[in-house]
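S.K.: Modelling step: build the complete structure from the supplied sequences, incorporating the hints.
The chain contents come next:
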Amino acid sequence: MILVCGGIADSVTELVCARLEDCGYPYRLLDLGVYPVGYQIKWHWQSSGPSGYITGPDWRLDLEELTGVYVRYLEADCRIPPPQITRESRSAMNAEYDAGLMVLLEDLSCAVVNRLGGGASNHSKLYQALLVRQSGLLTPPTLVTNDPAEAKRFYQESESEVIYKSLSGVRSIVRRVRQEQFARLSLLRYGPAQFQAFIPGDNVRVHTVGDQLFATHIRSEAVDYRYASQDGHAVHMEPTELPASVAAACLGLARQLDLLLTGIDLKVTPNGEYYCFEVNPAPGFLYYEQNSRQPISTALADLLYGGMSPDKQWRQGAAHA
Amino acid sequence: MHLLLGDPTDSWCASVRGGLEARGYETHLTANPFEHPYHFAWRLDNHQSKSRLVLDGLSLEPLESVFVRRTGWIDPTGWRPDDLNYVQAETQAALLAWLWGLECPVVNRYPAAIWYRPQLPLLSWQSLLRGCGLPVLEQVITSVAVEARAFGERLSSEGVAGAVYAPLTTDTRYLLTEEHDWEALAAIQGCAPVCLTYPHGPVQFACVVGERVIWQGAATSEMVKLAPLLRRFANAAQLAFVELALGATSRGIGVIAIETHPNYDHFGETARRDIVEALVHLLAPPTDWTRQHASSALEFSGAGRP
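Listed in order, the protein sequences are those of chains A and B. Under the working numbering, the very last position in the first sequence is 321; numbers go up by exactly one each time. Under the working numbering, the very last position in the second sequence is 1306; numbers go up by exactly one each time.
Do not take every clue at face value.
Said to hold, decoys possible - Straight-line Cα separation of at most 27 Å, DSSO-like style, residue types lysine-lysine; simulated pairs:
#1 Lys267/A <-> Lys1050/B
#2 Lys165/A <-> Lys1050/B
#3 Lys152/A <-> Lys267/A
#4 Lys267/A <-> Lys165/A
#5 Lys165/A <-> Lys152/A
#6 Lys1050/B <-> Lys152/A
Stated by the list, open to error - From the structure, some residues in chain B lie toward chain A, with a derived Cβ separation under 7 Å:
#7 Ala1041
#8 Gly1101
#9 Glu1138
#10 Ser1143
#11 Pro1228
#12 Leu1229
The hints are simulated quantities; they were obtained by calculation from the structure and are not laboratory data. No experiment lies behind these values; they were computed from the predicted model shown. Note that beta-carbon positions come from the ideal geometry of N, C-alpha and C, so glycine has one too.
M.R.: As structure tokens, then:
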């Protein structure tokens, strides 16, 4: 039995549920939009991992039955709190609900997509960059600074081909640095920013699902293709093959981070070099699946249904990243 | 230069700084090295990881060690909440990565999962504790009043006076003994699952610093036997400096709390002195012999570079 934890209004969660139905794989939905209302749980830790159950509106699921769990946490504004919860205590109660679910998922022996621990690396792109360097993929020349003079020097050394973007988990649009923005560099005194040499070439999005890999070649004139339409550019996606060493590096990164599903952002230069920018632990793969027709959600459904065989229990060897 | 990341009022920072300076080392204490008046620049690519940290025209590098108590604090005064959240996230992200990029000893070089969630519930550590052979307490999370009562009744049948309600996101604990306690718990269960566990006796604090396990006061022989397992746990958690609390229950000793940022107030004068000495040895091995000794400790404890 598969457990899906997420909101039915979330398009990725909806796709996962639809694919599970399509594949004929039994699943239960723990709707985080309303949880804990309508559900009853008992999760019991003794000298081993958790045992117990979850009951929904018309079902009961014993934890021992689980072959896989897919979870996609919701923002506070996507949740309906229990009626007796005051507005002031909503945030604390949501944290308590999530904490309970997290400790359960961290300790289940079945496949969990994804556990929280490995995903924490995504809050620091530079921390991930250090892991990427070890994986064999290339890291763009990067500067993190709070010094305007250093930022200008990097800009000149990079022949004015520099982008800036957030280095934390806060989503930002990748933009080129323009000379007219130099006046704003004085704001760096309040905190560091990330600058990177612009890497020419095409974007390649890689989704790893367990030991499977789906590479999607993206063609767009936009600096950040995710926002191409805002800048009047088109996006074209198609499946592509990666060199074996690059594919192995991507799978190795996912494994090192203990992530059964990742979205890895690469760029391939005209010289055929592969740079890695980010490993996303909660990828919105719907966008890529719709455009490239790659069966990412089917692979995910298979993984959740089949579980991980003992020799593929990544947690045994995964870094506690 | 030995860098201490923390608040001037932080007692561990003050003590470690004192210990380093007493041995003639230069130190610098700051809560955030990435904001004015510091000038920070870090260049990273496939071939190099080079940083520069300058204050008033003087370089603070090369750094000989970093002692970490803060994850990049920003004074909220004058900030709009959204901007503060953004610059805080950026600073924390930069600091985490920079610490992992440094060649020198860093205590603690926190893994991302702990850096971003320093107050993990005890249950989050359950799997690692079990894997290291440490005794853990039985716990149950339930939204069902009957199940909570059954847990309490089972404890009662074992002669245990009550159960403990332990919210996952706060340190507050509530002992449930009377009928009205259970009724109040059932009311809470109407809107949130609750976590219940065993009551425990007096708490024994232990601090793992590298290879050393330092007890607060006199630990029982039964607890002292756990020292190798505590070291194993600290190593597995990649923490060179971590506090564990042990408590005696009706079923024996169990780990009842883990503090990834050890609490100064949990230790007396003797233990504090030993802890500080052990920290100083990790951060600044003073002789060749001790350097070798400390290097193996760093490698073991995760304080060294990966």
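S.K.: Take the hints in turn and mark each one as holding or not.
M.R.: Structure-based check of each hint:
1. Lys267/A <-> Lys1050/B: Within the cut-off at roughly 24 Å; holds.
2. Lys165/A <-> Lys1050/B: holds, 20 Å
3. Lys152/A <-> Lys267/A: holds, 25 Å
4. Lys267/A <-> Lys165/A: Answer holds: Lys267/A to Lys165/A is near 16 Å, not above 27 Å.
5. Lys165/A <-> Lys152/A: holds, 16 Å
6. Lys1050/B <-> Lys152/A: Holds. Lys1050/B to Lys152/A sits at ~17 Å (cutoff 27 Å).
7. Ala1041: holds, 4 Å
8. Gly1101: holds, 6 Å
9. Glu1138: holds, 5 Å
10. Ser1143: Holds. Min distance 5 Å.
11. Pro1228: violated, 19 Å
12. Leu1229: Violated, because the Cβ-Cβ distance from Leu1229/B to chain A comes to roughly 15 Å (cut-off 7 Å).
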